[in-house]
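Participant: With chain A held as given, fit chains B and C onto it using these hints.
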Amino acid sequence: MDRSSVRSGEMAKSTQLIDNEVFRAYATYAAIVLVKMMLMSLVTAYFRITRKAFANPEDTASFGKGDSAKKFLRTDADVERVRRGHLNDLENIVPFFGIGLLYALCGPDLSTALLHFRIFAGARIFHTFAYLIPLPQPSRGLSWAVGYAVTISMAYKVLSKALYL
Amino acid sequence: MDRSSVRSGEMAKSTQLIDNEVFRAYATYAAIVLVKMMLMSLVTAYFRITRKAFANPEDTASFGKGDSAKKFLRTDADVERVRRGHLNDLENIVPFFGIGLLYALCGPDLSTALLHFRIFAGARIFHTFAYLIPLPQPSRGLSWAVGYAVTISMAYKVLSKALYL
Amino acid sequence: MDRSSVRSGEMAKSTQLIDNEVFRAYATYAAIVLVKMMLMSLVTAYFRITRKAFANPEDTASFGKGDSAKKFLRTDADVERVRRGHLNDLENIVPFFGIGLLYALCGPDLSTALLHFRIFAGARIFHTFAYLIPLPQPSRGLSWAVGYAVTISMAYKVLSKALYL
Numbered sequence: 001m002d003r004s005s006v007r008s009g010e011m012a013k014s015t016q017l018i019d020n021e022v023f024r025a026y027a028t029y030a031a032i033v034l035v036k037m038m039l040m041s042l043v044t045a046y047f048r049i050t051r052k053a054f055a056n057p058e059d060t061a062s063f064g065k066g067d068s069a070k071k072f073l074r075t076d077a078d079v080e081r082v083r084r085g086h087l088n089d090l091e092n093i094v095p096f097f098g099i100g101l102l103y104a105l106c107g108p109d110l111s112t113a114l115l116h117f118r119i120f121a122g123a124r125i126f127h128t129f130a131y132l133i134p135l136p137q138p139s140r141g142l143s144w145a146v147g148y149a150v151t152i153s154m155a156y157k158v159l160s161k162a163l164y165l
Numbered sequence: 001m002d003r004s005s006v007r008s009g010e011m012a013k014s015t016q017l018i019d020n021e022v023f024r025a026y027a028t029y030a031a032i033v034l035v036k037m038m039l040m041s042l043v044t045a046y047f048r049i050t051r052k053a054f055a056n057p058e059d060t061a062s063f064g065k066g067d068s069a070k071k072f073l074r075t076d077a078d079v080e081r082v083r084r085g086h087l088n089d090l091e092n093i094v095p096f097f098g099i100g101l102l103y104a105l106c107g108p109d110l111s112t113a114l115l116h117f118r119i120f121a122g123a124r125i126f127h128t129f130a131y132l133i134p135l136p137q138p139s140r141g142l143s144w145a146v147g148y149a150v151t152i153s154m155a156y157k158v159l160s161k162a163l164y165l
Numbered sequence: 001m002d003r004s005s006v007r008s009g010e011m012a013k014s015t016q017l018i019d020n021e022v023f024r025a026y027a028t029y030a031a032i033v034l035v036k037m038m039l040m041s042l043v044t045a046y047f048r049i050t051r052k053a054f055a056n057p058e059d060t061a062s063f064g065k066g067d068s069a070k071k072f073l074r075t076d077a078d079v080e081r082v083r084r085g086h087l088n089d090l091e092n093i094v095p096f097f098g099i100g101l102l103y104a105l106c107g108p109d110l111s112t113a114l115l116h117f118r119i120f121a122g123a124r125i126f127h128t129f130a131y132l133i134p135l136p137q138p139s140r141g142l143s144w145a146v147g148y149a150v151t152i153s154m155a156y157k158v159l160s161k162a163l164y165l
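Residue numbers (full-length UniProt numbering), protein chains in the order written: chain A, 1 to 165; chain B, 1 to 165; chain C, 1 to 165.
Rather than coming from a laboratory, the hints here were simulated on the basis of the structure.
Hints should not be assumed to be uniformly reliable.
Pairs involving identical chains hold if they fit within one copy or between any two copies, as the list cannot separate such chains.
Below, a list of computed lysine to any residue pairs in the SDA-like style, where the Cα atoms sit at most 20 Å apart [as the list claims (entries may be wrong)]: (1) K65 / Q137; (2) K161 / I32; (3) K65 / A53; (4) K36 / Y46; (5) K36 / I133; (6) K71 / A55; (7) K36 / L163; (8) K36 / L132; (9) K36 / D78; (10) K65 / S41; (11) K36 / A145; (12) K70 / R84; (13) K157 / L110; (14) K65 / N88; (15) K71 / F126; (16) K70 / P136; (17) K161 / S41; (18) K157 / T112; (19) K36 / Y148; (20) K161 / V35; (21) K70 / E80; (22) K157 / D109; (23) K36 / Y156; (24) K36 / Y164; (25) K157 / A53.
It should be emphasised that the depicted structure is a prediction, and the values quoted were computed from it without experimental measurement.
Next up, chain A with everything else stripped away, as it sits in the complex:
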């Protein structure tokens, strides 16, 4: 492997994907929803610490030894709620990331693509508030369904454009 061989022409080409406006829009919204998903870890940590509800014995060691620490090895309703929200993000944002990437490479109209990305990001941010506050149903259910429908719409475009079985 010759690390000094910079084939500048090819490198320039490959990095220009980010100059495509649809791809830039995808990169923006994908980064936003992935960072939003990552924030769930901080919310979980916040609730674990304020509710003193931990999953691992080594996490409670600073509260003392033996039984005095063991009582913090417990589940807490708020912690479990955030964790369900986090898992729901994994189940929905990960397919958006994957299918959205393929969709962005299929050359959709910029305005159509932006519509998909914006609605998805908005729906998932609303979903998080609906889950954590919590808002009465069907707020959370509807925001979930909107994000789901957007992803399925992009999958349909990918399969009709790229189908190669």
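Facilitator: For chains B and C alone, kept in the frame of chain A given last:
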């Protein structure tokens, strides 16, 4: 940022990734298994509603107030089974998506790539049926192992082609 | 669809992404951490079998019928620990994969990119050992935070380079 600057030459180049036959095959099978994974959400919702087994108090509000609704805040064996299947998909389909993308960009033979993608997709679809019906073991275990081996085989190709530590 | 139409010029271009040194480094470290995440499945299987702690009735059928098999349908502290580590990988390695891909396409300096990828991979491998041994806190917490910070740093670069709302 000048949105009106359409550098059409570069845009054309970037979107042509989807004209590569290996990449089209990858996009097709990746979209199929991601959509299959998303369907697990619908199966979970179906079992939660028919078994009346929910995780959030706000989800049971339509069944009445107080204790009459609280009894639906429970776990159900069928719901938990679907959720385990969904998590298993996340644990296996997500690595396939990621490693498969890198693999498709490594320029493998079309026929070898198709073999990998088809076996993986078939194994994971079978795995879902084996989990949900459920079929006696080792049906589920073997279908899991086949998908796992396909992904490791693609990872080996990626690392031997692209290695740059 | 004319499968025999090989537009070699375009195919050559698309597959050359892997010739970009930053992208090769990304592919290498992304494959390493995804394979590391997949290994958690094997560790879970190992503990389930050695601890005889299973989640599905069909998995215990080989231990006999009725109550003699039912007692193996249980949770085990070691199995649950590995599963928490696996879920933590999903929550952190998946955002790294997604944001790292966008980052690699943003054309960062090779040395900066390598620094991000190496620190992330090292932090997550250390995190796994810290979780499974387990090491006393804050070993696990710090290694989690390092990987998290690296991913946020890449997300910042992606958003400042590609922002298109």
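Participant: Decide, hint by hint, whether the structure agrees.
Facilitator: Now the hints, each set against the structure:
1. Taking identical chains as interchangeable, the C-alpha atoms of K65 and Q137 lie at most 20 Å apart only when they sit on different chains, with a minimum of 14 Å there against 43 Å within one chain.
2. When the C-alpha separation of K161 and I32 is checked against a cutoff of 20 Å, the pair qualifies only between copies, where the shortest distance is 13 Å, while the shortest distance within a copy is 26 Å.
3. Within a single copy, K65 and A53 get their C-alpha atoms as close as 16 Å, which meets the 20 Å cut-off; across copies the closest is 28 Å, which misses it.
4. In this assembly of identical chains, the alpha carbons of K36 and Y46 lie at most 20 Å apart only when taken from the same copy (15 Å versus 28 Å across copies).
5. In this assembly of identical chains, the alpha carbons of K36 and I133 lie at most 20 Å apart only when taken from the same copy (16 Å versus 31 Å across copies).
6. Taking identical chains as interchangeable, the C-alpha atoms of K71 and A55 lie at most 20 Å apart only when both belong to the same chain, with a minimum of 11 Å there against 24 Å between chains.
7. Taking the closest pair of Cα atoms, K36 and L163 come within 20 Å of each other only across two copies (16 Å); inside a single copy the shortest separation is 32 Å, beyond that limit.
8. When the C-alpha separation of K36 and L132 is checked against a cutoff of 20 Å, the pair qualifies only within one copy, where the shortest distance is 13 Å, while the shortest distance between copies is 28 Å.
9. For the identical chains of this complex, K36 and D78 are intra-copy neighbours only, at 19 Å inside a copy versus 31 Å across copies, given an alpha-carbon limit of 20 Å.
10. Taking the closest pair of Cα atoms, K65 and S41 never come within 20 Å of each other, the shortest separation being 27 Å inside a single copy and 32 Å across copies.
11. Taking identical chains as interchangeable, the C-alpha atoms of K36 and A145 lie at most 20 Å apart whether they share a chain (18 Å) or sit on different chains (16 Å).
12. In this assembly of identical chains, the alpha carbons of K70 and R84 lie at most 20 Å apart only when taken from different copies (18 Å versus 24 Å within one copy).
13. Proximity of K157 to L110 under the C-alpha cut-off of 20 Å is restricted to the intra-copy arrangement: shortest distance 14 Å within a copy versus 23 Å between copies.
14. For a Cα distance limit of 20 Å, the shortest separation of K65 from N88 qualifies neither inside one copy, at 35 Å, nor across copies, at 26 Å.
15. For a Cα distance limit of 20 Å, the shortest separation of K71 from F126 qualifies neither inside one copy, at 35 Å, nor across copies, at 28 Å.
16. For a Cα distance limit of 20 Å, the shortest separation of K70 from P136 across copies, 15 Å, qualifies, whereas the shortest one inside one copy, 35 Å, does not.
17. When the C-alpha separation of K161 and S41 is checked against a cutoff of 20 Å, the pair qualifies neither within a copy, at 37 Å, nor between copies, at 26 Å.
18. Taking CA atoms no more than 20 Å apart as the test, K157 paired with T112 passes inside one copy only; the shortest distance there is 11 Å, against 26 Å between copies.
19. Taking the shortest Cα distances, K36 and Y148 sit within 20 Å of each other both inside one copy (17 Å) and across copies (13 Å).
20. Within a single copy, K161 and V35 get their C-alpha atoms only as close as 29 Å, which misses the 20 Å cut-off; across copies the closest is 16 Å, which meets it.
21. With identical chains, the CA atoms of K70 and E80 are at most 20 Å apart both within one copy (19 Å) and between copies (17 Å).
22. For the homomeric pair K157 and D109, the shortest alpha-carbon distance inside one copy (11 Å) is at most 20 Å, but the shortest distance between copies (26 Å) is not.
23. In this assembly of identical chains, K36 and Y156 lie within 20 Å of each other by CA distance solely across copies; the values are 13 Å between and 26 Å within a copy.
24. When the C-alpha separation of K36 and Y164 is checked against a cutoff of 20 Å, the pair qualifies only between copies, where the shortest distance is 17 Å, while the shortest distance within a copy is 34 Å.
25. Proximity of K157 to A53 under the C-alpha cut-off of 20 Å is found in neither arrangement, the shortest distances being 45 Å within a copy and 35 Å between copies.
In summary, the numbered hints that this structure violates are 10, 14, 15, 17 and 25.
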